[in-house]
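Novice: Okay, here's what each chain looks like letter by letter:
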Amino acid sequence: MKRDGKKIIFEKESDLPPNAMSLGTTEFNETGSWRNERPVVDKAKCISCGICWKYCPDMSIKEDSEGKAEIDYVFCKGCGICAAECPVKAITMIEEEK
Amino acid sequence: MKYSIPQKELMNPGHLACQGCGGALSLRLVLKTLGENTILTFPACCWSVIDGPFPYSSVKVPLFHTAFETAAITAAGIKAGAKKVEKEYVNAVAWAGDGGTYDIGIQALSGAAERNDDIFYFVYDNEAYMNTGVQRSSATPKGAWTTTTPTTFPKAEFKKDLDAIVAAHYVPYQATASPSYPEDLTKKLEKAVKIRGFKFFHILAPCPPGWKTNPEDTIKLGKLAVESGIFPLYEIENGEKYTINMPSPKKDLKPVNEYLTKQGRFRHLKEDDVKTIQEYVNKRWEKLKRLAGV
Ligand SMILES: Cc1ncc(C[n+]2csc(CCOP(=O)(O)OP(=O)(O)O)c2C)c(N)n1
Ligand code: SF4
Ligand code: SF4
Ligand code: SF4
Ligand SMILES: [Mg+2]
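So the protein sequences, as listed, match chains A and B.
Those letters in the first sequence? Residues 1 to 98, per our numbering, in order.
Those letters in the second sequence? Residues 1 to 294, per our numbering, in order.
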């Protein structure tokens, strides 16, 4: 068994564990590439209420050093829940450029 | 940032749920309160996939994939094993879809409830067999489109009243909950972890591809389901003591139309169909209020 960053590589059958057990996290899977639209936070508007963080199904909202919402674009799938639920409309969805 | 629910995160990003999945958000919220001393078991359902491919996992607690019909009995076995190695504090958790609960899993569920096994049983109810491409289940609501109930023959029957079936087992604690109300869910979980015996949670989990909805509407739909009385939030203790949490029994319900028109699976409904659904919801709401004595 080899590790390449967050990926796990089995080189031969005898490498496999004896039963199906988890050896790593899905964080190797950068789901940000699924996004059609990207949420952008207007930090001047953000009131640090935590509502977007609470509702994100992809654990993609963190807190910056000022306590404002910050998007983790590595994993954010662009569902738009955060923008729809922000009480002060501090988040806008903009089309992703490929 | 203000945190109204625990900050602890026991789910990893990179999981395989669709954008805006109510089922993924629900487990994220549940694990925050259940904590590390939890062992999950999933029968076949969307979550078997959301978890990620072997050898990776999107949850930071042990997880056991089990057969479609065996969620409840697997959790009961996990609990028995934990007791044997003097780890009785472990939360043994069955996490199943509506198909795996209302249909194929109901005998195992009833068995565990009757024995009052010390487990948590969660049904994340997206009202169809989503993982295999949106087939109707007995949890699918009347009038809904699925691939096996096409718009020319939408689901004819009303949704099975599973909560009443569970209540007929007089289990210590059961509740309905919604990812749109994380604080309510958290409060109920905090109560349930202190109870020994069978604990049942019914979570309505919006599913954008299966309901034909916009991913961004997941939270709104959860709220509309509650406010319209389609999915009221309540608790039942020992099969008898009913407590309504939301909506307020004193206020009028929102019309069901607002909830239905946001979803493609109901787009074919005529005025008369909506009326039938509205009357049914009103009747059920009156019954619930009677049971709660309000
Ligand atoms: C005995 C058996 N029959 C059929 C299947 C195929 N199957 C896998 S997941 C699934 C649908 C599950 O639906 P539900 O429990 O509602 O969960 P959801 O996918 O909607 O999350 C089906 C039919 C199976 N795995 N085992
Ligand atoms: S768009 Fe969706 S996935 Fe991305 S940060 Fe907002 S809520 Fe999370
Ligand atoms: S919901 Fe809006 S105001 Fe609240 S923390 Fe998120 S971006 Fe800021
Ligand atoms: S099909 Fe529905 S329940 Fe399944 S992962 Fe997608 S959104 Fe979630
Ligand atoms: Mg389902």
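Don't read these hints as lab results, they were simulated from the structure.
Treat the hints with care, since some could be wrong.
[What the hints assert, rightly or not] Calculated cross-link-like contacts (lysine-lysine; reagent style PhoX-like; alpha-carbon spacing at most 20 angstroms):
1. A/K62 / B/K254
2. B/K8 / A/K43
3. B/K2 / A/K89
[Unchecked claim] Cβ-to-Cβ under 7 angstroms is the rule here; a few derived chain B residues that face chain A:
4. N12
5. Q19
6. A82
7. P215
Here the structure is a predicted model, which means the values were calculated and not measured.
C-beta atoms are modelled at their ideal positions from N, C-alpha and C, and glycine is treated no differently.
Novice: So which hints don't hold here, by number, going up?
Specialist: Structure breaks hints 1, 2, 6.
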